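*Asks:* Residue numbers (this note's numbering), protein chains in the order written: chain D, 1 to 437; chain R, 1 to 437.
No lab work stands behind these hints: they were computed from the structure. From a predicted model like this one, the values you see are computed outputs, not experimental measurements. Incorrect hints may have been included.
Claimed, not checked - Covered stretches of chain D (chain R as the covering partner; in silico rule of three or more C-beta atoms under 8 Å from a C-beta of chain R):
| hint | segment |
| --- | --- |
| 1 | 147 to 153 |
| 2 | 165 to 174 |
| 3 | 344 to 351 |
Cβ coordinates follow ideal geometry from the N, Cα and C atoms, glycine included.
Number of protein chains: 2
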Amino acid sequence: MIPVDRGVGMSVTPIGCPAQNPIKEHACMSDVATPSRSRFSTLYSRKAQALPDAPRMAAAKGTPPRISFIYGFPDAASLPGQQVAEATARAMGHSADKALQYGGVLGVPVLIDELLAKLKADQKIEAEPENVIITSGASQAVELIMEALLDRGDIVLAEQPTWSGFNVGVNNMGGVVVPIAIDEQGTDVDLLEAELTRYRDAGTPAKFIYVIPNFQNPTGVTMTLARRKRIIELAEAFDTLIMEDDAYFDLRYEGDFLPTIYSMDPNQRTIYLGTFSKIMGAGMRLGWAVAPPELITKLSILKMEGGSGIFASYVAAEWVPKHLTGHIAELRTIYRQRRDIMLAALERHMPDGATWTRPDGGFFIWVTLPEGLNANELVTMSRERGVDFLPGSACYAGPGGENTLRLSFSFATDEQIPEGIEILGQIISDELREQGR
Amino acid sequence: MIPVDRGVGMSVTPIGCPAQNPIKEHACMSDVATPSRSRFSTLYSRKAQALPDAPRMAAAKGTPPRISFIYGFPDAASLPGQQVAEATARAMGHSADKALQYGGVLGVPVLIDELLAKLKADQKIEAEPENVIITSGASQAVELIMEALLDRGDIVLAEQPTWSGFNVGVNNMGGVVVPIAIDEQGTDVDLLEAELTRYRDAGTPAKFIYVIPNFQNPTGVTMTLARRKRIIELAEAFDTLIMEDDAYFDLRYEGDFLPTIYSMDPNQRTIYLGTFSKIMGAGMRLGWAVAPPELITKLSILKMEGGSGIFASYVAAEWVPKHLTGHIAELRTIYRQRRDIMLAALERHMPDGATWTRPDGGFFIWVTLPEGLNANELVTMSRERGVDFLPGSACYAGPGGENTLRLSFSFATDEQIPEGIEILGQIISDELREQGR
Chain D
1 MIPVDRGVGM SVTPIGCPAQ NPIKEHACMS DVATPSRSRF STLYSRKAQA LPDAPRMAAA
61 KGTPPRISFI YGFPDAASLP GQQVAEATAR AMGHSADKAL QYGGVLGVPV LIDELLAKLK
121 ADQKIEAEPE NVIITSGASQ AVELIMEALL DRGDIVLAEQ PTWSGFNVGV NNMGGVVVPI
181 AIDEQGTDVD LLEAELTRYR DAGTPAKFIY VIPNFQNPTG VTMTLARRKR IIELAEAFDT
241 LIMEDDAYFD LRYEGDFLPT IYSMDPNQRT IYLGTFSKIM GAGMRLGWAV APPELITKLS
301 ILKMEGGSGI FASYVAAEWV PKHLTGHIAE LRTIYRQRRD IMLAALERHM PDGATWTRPD
361 GGFFIWVTLP EGLNANELVT MSRERGVDFL PGSACYAGPG GENTLRLSFS FATDEQIPEG
421 IEILGQIISD ELREQGR
Chain R
1 MIPVDRGVGM SVTPIGCPAQ NPIKEHACMS DVATPSRSRF STLYSRKAQA LPDAPRMAAA
61 KGTPPRISFI YGFPDAASLP GQQVAEATAR AMGHSADKAL QYGGVLGVPV LIDELLAKLK
121 ADQKIEAEPE NVIITSGASQ AVELIMEALL DRGDIVLAEQ PTWSGFNVGV NNMGGVVVPI
181 AIDEQGTDVD LLEAELTRYR DAGTPAKFIY VIPNFQNPTG VTMTLARRKR IIELAEAFDT
241 LIMEDDAYFD LRYEGDFLPT IYSMDPNQRT IYLGTFSKIM GAGMRLGWAV APPELITKLS
301 ILKMEGGSGI FASYVAAEWV PKHLTGHIAE LRTIYRQRRD IMLAALERHM PDGATWTRPD
361 GGFFIWVTLP EGLNANELVT MSRERGVDFL PGSACYAGPG GENTLRLSFS FATDEQIPEG
421 IEILGQIISD ELREQGR
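Sequences are here, hints too, so could you generate the full structure?
*Replies:* Have a look at this one:
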């Protein structure tokens with residue numbers, strides 16, 4: 001129900017849900033009163049009836065936390081406002097008649113050209129315009145793909161933990177997420193094969209495999225080259241598709257770039273998802289899917305609203321060739337430093353028994369607390385002291401992850417990070433002490 | 001599959017469909033080969049399998065028609081490019097950190113405030129922020145509402161002819177459009193009551209009634225006050241909802257503004273849809289739904305991508321208070337003149353036996369040819385002579401309307417309109433002569 005990192009407001013407390021878990025509303029859906037509470041319940045679709053009646057997030061109440069580690073939000077200070085204003089002036093100067101008009105459902109051609117050039121240069125993805133659809137953020141592409149592939153009861157395989165919005169989306173569609181563990185090398189491919197086999201043999205083969213190979217959300221883990229190749233083989237062997245969500249590709253702070261699954265897949269079973277959200281501005285609401293043309297066609301037909309963000313696309317098409325490369329370089333410097341500051345602060349302030357990942361890029365560090373601690377129970381306490389974070393269980397399709405949390409280092413400033421981590425460390429230490437450990 | 005007036009590109013010939021009907025791909029879906037042609041057919045959802053494999057529109061080939069009467073596109077010359085550039089500069093000056101960041105799923109609060117003020121002043125709609133969701137054009141709101149209300153096989157009642165994208169959307173969802181005739185007073189409310197009764201008695205009550213009360217797309221007809229009131233009564237009596245699509249509300253060129261159904265509905269069973277597409281710029285991709293909060297909540301949960309057009313919303317929030325009223329006045333002058341020019345040209349060039357509507361606003365005139373003439377068969381001929389139009393059958397849920405066409409007077413210039421109508425008149429006259437009439 002919520003693209004936590006993609007488009008959610010600043011408030012976090014769901015109404016009518018047990019208070020501890022601010023994100024995973026599905027966990028509390030079964031606690032919600034029956035749909036008969038609702039005036040229009042007889043009119044709702046099966047899908048809508050299964051949704052809670054309460055707003056998915058409460059309106060922001062009181063002061064939001066001063067230091068935010070919760071969302072995968074881009075750094076605010078580096079958002080290129082002035083450049084975007086100038087790009088808009090140029091776009092309006094020569095293309096107002098197109099930029100303010102309806103456009104084709106697949107996206108604005110000048111932006112697609114820029115995107116294809118970028119994908120070729122950086123992602124080593126050779127694609128043609130017929131392989132691309134521009135969407136309202138990559139999350140809309142995820143949604144359209146789910147619509148194209150999933151019927152009620154259908155199986156998808158996804159890393160666990162994973163992007164919480166993904167689990168929620170599958171849930172909305174009535175699909176079933178089969179979790180595949182992730183370790184420091186990425187998706188557990190042996191388990192993946194076992195589950196692919198199991199569901200094929202049961203007569204309900206998986207519709208697709210969802211992976212985030214680079215700096216995974218939420219763990220920060222990067223999938224090894226060997227595992228990427230293995231997933232390509234498995235998709236072919238089991239006649240399924242791969243959804244490669246690569247929102248953070250460009251934001252690598254150390255180590256070599258690894259080839260994208262899409263670029264290595266000889267069988268064209270990969271759908272590659274990316275976004276300008278992290279490298280230009282999330283408010284542009286411009287993401288994309290790269291996929292076989294037959295699939296792009298289906299997505300375009302399902303996308304009833306027509307072309308996404310035509311005005312924003314013309315602005316982006318002006319901004320990208322002039323600024324994208326430089327902006328990415330700037331962001332790498334900013335975020336690398338924030339990652340390092342957060343890692344150092346964790347080292348300093350986390351109690352014994354807590355562990356965390358050390359991502360080569362992206363926005364997230366994944367913290368595992370000593371068994372028995374429940375991150376959901378720390379949320380309120382932490383918010384009261386001005387710090388928020390994402391309880392790791394929000395990234396689980398089912399139960400699990402209670403002793404984990406996701407920390408985003410992208411949004412809080414260099415100064416805020418050590419302070420926020422110190423507060424978190426104190427809260428966790430206090431909790432451990434209370435438990436007599 | 002196609003929001004004809006909302007977001008379609010400039011090309012019109014579908015691939016793999018009988019050539020004459022450029023819009024109504026569903027008409028040719030049954031002619032499309034079985035899904036087994038498709039490589040991923042076993043992976044597609046039921047919904048996607050039912051869609052054609054071919055792109056919904058062919059890439060533009062050759063020169064597009066010189067004079068276009070086909071789309072509900074705003075006039076190009078009056079698009080406020082310079083104002084939008086200035087509004088962007090202001091928005092970036094004070095709100096880049098928000099405008100380029102993720103935003104809440106319901107929409108940008110400053111834009112919602114502007115919208116609520118406008119709805120109150122003009123539409124006499126008193127609504128609160130919890131009644132509103134901003135969407136990627138009104139067509140996305142239509143889609144979300146369908147998702148919230150329709151299961152496979154569900155019934156909706158809609159005027160016939162109606163916006164072709166609506167019929168296609170219901171079709172995509174597996175729903176069934178029950179057509180209600182429209183006459184010069186709008187929806188035939190007696191027939192509406194009869195069909196509501198019939199489907200209720202059959203145990204499949206209608207999920208909602210879809211109407212376009214002002215300057216209906218495609219007929220240009222405006223629903224009378226009496227009929228608006230009757231529809232409100234019927235919705236209550238039959239425990240259903242009203243989807244009031246009012247994309248053209250502001251573009252009235254003569255006669256008094258009639259109250260919106262939403263503003264008169266004491267039962268709060270109306271969902272009001274509007275858009276900035278026709279009064280600011282379609283490329284902004286900003287529309288809205290106004291509805292009871294419980295429904296807005298469902299829509300927000302189904303809207304997985306998060307907030308629509310955050311950047312565009314901040315720009316619109318700057319532009320609207322300063323320019324909207326003046327721009328609407330300007331557009332009324334432009335479009336009134338075009339309507340009058342087209343009406344005069346029709347009078348002059350259409351052969352005896354052809355009739356047409358005289359809209360008080362909006363973008364469309366609906367032409368009925370003598371029985372026996374088929375507008376679908378005139379499309380290619382007309383395109384070859386540089387003029388395009390929408391065959392009326394594209395606006396029918398099932399068969400029908402073959403001798404009708406929709407002419408949009410919004411996009412072609414004052415100079416082009418008489419020329420295009422003269423060509424159309426010749427083609428129709430020639431066709432009549434060939435038939436020996």
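*Asks:* Would you mind marking each hint as holding or not holding in the structure?
*Replies:* Structure-based check of all given hints:
With 5 residues having a Cβ less than 8 Å from any Cβ of chain R, the segment 147 to 153 of chain D passes the three-residue criterion, so the hint holds. Closer than 8 Å: that is the beta-carbon criterion, and the segment 165 to 174 of chain D has 4 residues meeting it against chain R, so the requirement of 3 holds. Check result for the segment 344 to 351 of chain D against chain R: violated, 0 residues qualifying (beta carbon to beta carbon below 8 Å, three or more required).
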